[in-house]
Amino acid sequence: MAIVEPRTTERAPEPQRHWLVEWLTTTDHKRIGILYLLNSFAFFFVAGVFALLMRTELAEPGRQLVTTNGYNQLFTLHGTLMIFLFILPVLVGFGNYLVPLQIGALDMAFPRINALSFWLLPVGGLTILSGLLAKGGAAAAGWTSYAPVSEQGGAGQDLWIVGLVVVGTASILSGVNFIVTILRLRAPGMTMTRLPVFVWSMLATSLLMVLATPVLTAGLIMLFADRRLGAFFFNPAHGGDVLLWQHVFWFFGHPEVYMLILGAWGVVSEILPVFSGKPLFGYQGVILAFVLITALSFSVWAHHMFVTGQVEYPFFSATTELISIPTGVLFFNWLATLWRGRLRFEPPMLFALGFIALFLIGGVDGVWMASPAMDFAIHDTYWVVAHIHYVLFGGTVFGVMAASYYWFPKITGRLLGRTLGKWHFWLMFCGFNLTFFPMHELGLRGMPRRVADYLPDAGWSFLNQLATAGSFLIAVSLLVFLVNVVLTLRRPPDAPPDPWEGNTLEWATSSPPPVHNFDRLPTVRSNRPVRDAREQEVAR
Amino acid sequence: MAASRVARGGLAALAAGLLAGCAKQGATVQGQQIHDLYVLIIILALPVFAGVEGALLWCVLRYRRRRGDGRPAAQGAGGPRTLGVFFAIPTVLVACLFLFGERTLAEVQRPEPNPAVELRVDSFQWQWTFYYLNEGFFVTGRTLTKEPVVELPVGAPVHVRLESRDVVHEFFVPDFLFMRNALPGRPNEFSFTPTRIGTFRGQCAEFCGLHHDQMRFVLKVVSQADYVAWVDQARKAAQNVDCNPSGPLKLVSKDNSWNTGCLAVAAGSPFSVSVSNLDPSIEHNFAVYPKAGAKQPLFQGPRFAGVAERTFELRPLPKGRYYFQCDVHGPAMSGALVVK
Chain A
1 MAIVEPRTTE
11 RAPEPQRHWL
21 VEWLTTTDHK
31 RIGILYLLNS
41 FAFFFVAGVF
51 ALLMRTELAE
61 PGRQLVTTNG
71 YNQLFTLHGT
81 LMIFLFILPV
91 LVGFGNYLVP
101 LQIGALDMAF
111 PRINALSFWL
121 LPVGGLTILS
131 GLLAKGGAAA
141 AGWTSYAPVS
151 EQGGAGQDLW
161 IVGLVVVGTA
171 SILSGVNFIV
181 TILRLRAPGM
191 TMTRLPVFVW
201 SMLATSLLMV
211 LATPVLTAGL
221 IMLFADRRLG
231 AFFFNPAHGG
241 DVLLWQHVFW
251 FFGHPEVYML
261 ILGAWGVVSE
271 ILPVFSGKPL
281 FGYQGVILAF
291 VLITALSFSV
301 WAHHMFVTGQ
311 VEYPFFSATT
321 ELISIPTGVL
331 FFNWLATLWR
341 GRLRFEPPML
351 FALGFIALFL
361 IGGVDGVWMA
371 SPAMDFAIHD
381 TYWVVAHIHY
391 VLFGGTVFGV
401 MAASYYWFPK
411 ITGRLLGRTL
421 GKWHFWLMFC
431 GFNLTFFPMH
441 ELGLRGMPRR
451 VADYLPDAGW
461 SFLNQLATAG
471 SFLIAVSLLV
481 FLVNVVLTLR
491 RPPDAPPDPW
501 EGNTLEWATS
511 SPPPVHNFDR
521 LPTVRSNRPV
531 RDAREQEVAR
Chain B
1001 MAASRVARGG
1011 LAALAAGLLA
1021 GCAKQGATVQ
1031 GQQIHDLYVL
1041 IIILALPVFA
1051 GVEGALLWCV
1061 LRYRRRRGDG
1071 RPAAQGAGGP
1081 RTLGVFFAIP
1091 TVLVACLFLF
1101 GERTLAEVQR
1111 PEPNPAVELR
1121 VDSFQWQWTF
1131 YYLNEGFFVT
1141 GRTLTKEPVV
1151 ELPVGAPVHV
1161 RLESRDVVHE
1171 FFVPDFLFMR
1181 NALPGRPNEF
1191 SFTPTRIGTF
1201 RGQCAEFCGL
1211 HHDQMRFVLK
1221 VVSQADYVAW
1231 VDQARKAAQN
1241 VDCNPSGPLK
1251 LVSKDNSWNT
1261 GCLAVAAGSP
1271 FSVSVSNLDP
1281 SIEHNFAVYP
1291 KAGAKQPLFQ
1301 GPRFAGVAER
1311 TFELRPLPKG
1321 RYYFQCDVHG
1331 PAMSGALVVK
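Chains A and B are the protein sequences, given in the same order. Take the first sequence: its position 18, counting from 1, is numbered 18 in my numbering, and each next residue is one higher. Take the second sequence: its position 312, counting from 1, is numbered 1312 in my numbering, and each next residue is one higher.
I should point out that these hints are in silico values taken from the structure, not numbers from a laboratory. A portion of the hints provided could be inaccurate.
Listed below are the simulated DSSO-like cross-link pairs for lysine-lysine, each with C-alpha atoms no more than 30 Å apart in a straight line [as the list claims (entries may be wrong)]:
| id | chain 1 | residue 1 | chain 2 | residue 2 |
| --- | --- | --- | --- | --- |
| 1 | B | K1220 | B | K1340 |
| 2 | B | K1146 | B | K1220 |
| 3 | A | K135 | B | K1254 |
| 4 | B | K1250 | A | K135 |
| 5 | B | K1295 | B | K1340 |
| 6 | B | K1254 | B | K1295 |
Beta-carbon label-pair distances, calculated as ranges [what the hints assert, rightly or not]:
| id | chain 1 | residue 1 | chain 2 | residue 2 | range |
| --- | --- | --- | --- | --- | --- |
| 7 | B | R1310 | A | A469 | 31 to 39 Å |
| 8 | B | P1111 | A | I113 | 53 to 61 Å |
| 9 | B | A1074 | A | F315 | 22 to 30 Å |
| 10 | B | I1089 | A | P188 | 35 to 43 Å |
| 11 | A | A539 | B | G1068 | 16 to 24 Å |
To be clear about the criterion: a stretch of chain B counts as covered by chain A if any three or more of its residues have a C-beta under 8 Å from a C-beta of chain A, and this derived list gives those stretches [claimed, not checked]:
| id | stretch |
| --- | --- |
| 12 | 1076-1088 |
| 13 | 1155-1169 |
| 14 | 1197-1208 |
Here the structure is a predicted model, which means the values were calculated and not measured. All residues carry an ideal CB built from backbone N, CA and C; glycine is no exception.
Chain A extracted, bound-state conformation (with noise of 0.2 Å):
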């Protein structure tokens, strides 16, 4: 076994500082991933009891809980906050944790950006949220802010937009960030196509982040020109387009959504392996579907727009369906990495599982969409908020969830309960279910997104009711996590440094790892190097 010495530089001991002090100018990248993990399940919570209110409020036809405005207010922040400050973040903070320990690094390779990175985080989204207390409300033109809607309404649209810019920042420092970190920091024997696939998804992911935020952050600039400085990009009457910012914004918005489900993908794709006794099937082939998608994911915007009628309908419908390609092949994978393994069905697993079974369905229910006749049928109506609730709460949120019990032991020295996570598996999986299915009938039956309210004798309240029911499921759901994770916190440390029989660098270090994350590293002689190990004290 090859032994890495800790690189340290003698130095004299520093005076101890105030816990809130470390952890309010730390720069190492554990703590700054638990930063990341706390502050996006905090806005998680924000966006989710949002989704309450709104559910509750179309639990029936009439006005009952809140304003018009009220709601729109609502799903605009819903949108916006589960996208730019639960999803992604939460998914870099899981990066931000586990990529320098999964290529043997000891930390990122920019610390202070990295903190900087986070920090921007909270600014700009309590700057979105602090629209709540301006004059008329937070921003209410939904978390796509079509022009010219975006251009009406008062300083709570202001404050979205310099919030995003803000966030945006901090999107495109991390991505930086990771990037270098992957390509320059790998430990010894970790080659490239030895990389756990986590760490090529947070590769794919941060190239997107790097690539595609510039475009949004340009957006925002515009039309706060527009709205402030007496600019007309968006405004026919004087030569602007309004297409201009759908264009804009979904040249970015779609490769957004593969940044907001590659690190899902990859959490899975190490999972799986773990759980079922066997290597990831077609590691180069998940890697490929990894490189093509991201690629193609900037020729496809839109297909977001075909109901616009302005648009090359077959070269769009033609890289939407090409990418469904790349994603099946990802499906055959999982399969085929679970066929005659030896499967153990942890928490972790359960919720790999679900993650399969609910985003194959928002592939599925997508494919209507790619063929732009079938699209102006169903494009605006529920139907798309189901897709989008299947593929970013049924994939993303399950892929999270996965990732949250996986390494939970290595984050905090401590199992999550294994009883109350199964309880916590089966709620969410059957409120998710119950919650988001019916969507696709409603779109059928013709209800249209965004809408505050519906008349009684439009077909639609039965099955407004049901969803409204898996929604406050799926809360329960969420408590049964919350309370586990705090009956877990109060016990002592006990995890040992591999508890699930791990592939990747992270397993061999203790539980939680030291500051300098490793005291040894393995030799990397192929993408499981934990394994190899073992192996070896076996046969030894």
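Following the hints, put chain B in place on chain A, whose structure we already have.
Structure of chain B alone, referenced to chain A:
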């Protein structure tokens, strides 16, 4: 074995039938073609869905690690050939999907060369105006209080030119399985032929600001004879608005509707109109024309954003019926100016 295969086939067919039953049949020629495409995609997608979920379930049941079974799993990880198969299967499916989709798209997008009804549909926050171009009248509603109800003859091709006066809206009739954006500065055109008599609800489907959820309309598809009668009656109703002079003229705009559709003044003397705009940051103006559809205004006040109030002095007008409107929102904010 054969029996179970038949049973499995029957189950799949039943599931496909159930799913197809969920989708509305189209009430237009074009809508029905979209419905057929929906069913076709089910036929392509259902085996994929059932196959993958089935294989997943099989793995979960069959490959569970048994208690006391310490044997390691076989460590196969596939080669290029398997990967080739994995890429080939979705490629074939996608190729079929693309070809069928393009065929339906061409049918749905084809413009009607000889439409029986030509409509200009005008949209704005948060109302619709339907102009019957050949019949020479329009139908509009009042935001938050009245939705426009228009009629169309069954079996006759309709051509629509769709426009927006402010933000992006969307013309959506679920029973037609069709929606299309109304974009300011970029008119859209499309055709459809209703095939079924009935009342069909329509609604804006692109979020367009505060009262987006209330931006509805109703399309009634009726027989040719009923349609002719309705056109006659709609034309007459447009001529017959009347009211009497009473005090100072005050127009109030709230939620993009005027408080009245009729103003009356005495002939031969100057008069003033006070216009109060209660819609925050939305622009209105006040203009008077000899009749609806006239190009040259007799008076045209400047646009101003709410909340604000302006008073305009107008020169005397000879006896007669005039037409006033807000030029920003057009006929939906219009009325008769009666000079007696």
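Hints the structure fails to honour: Hints 1, 7 and 9 are the ones this structure does not satisfy, whereas the remaining hints hold.
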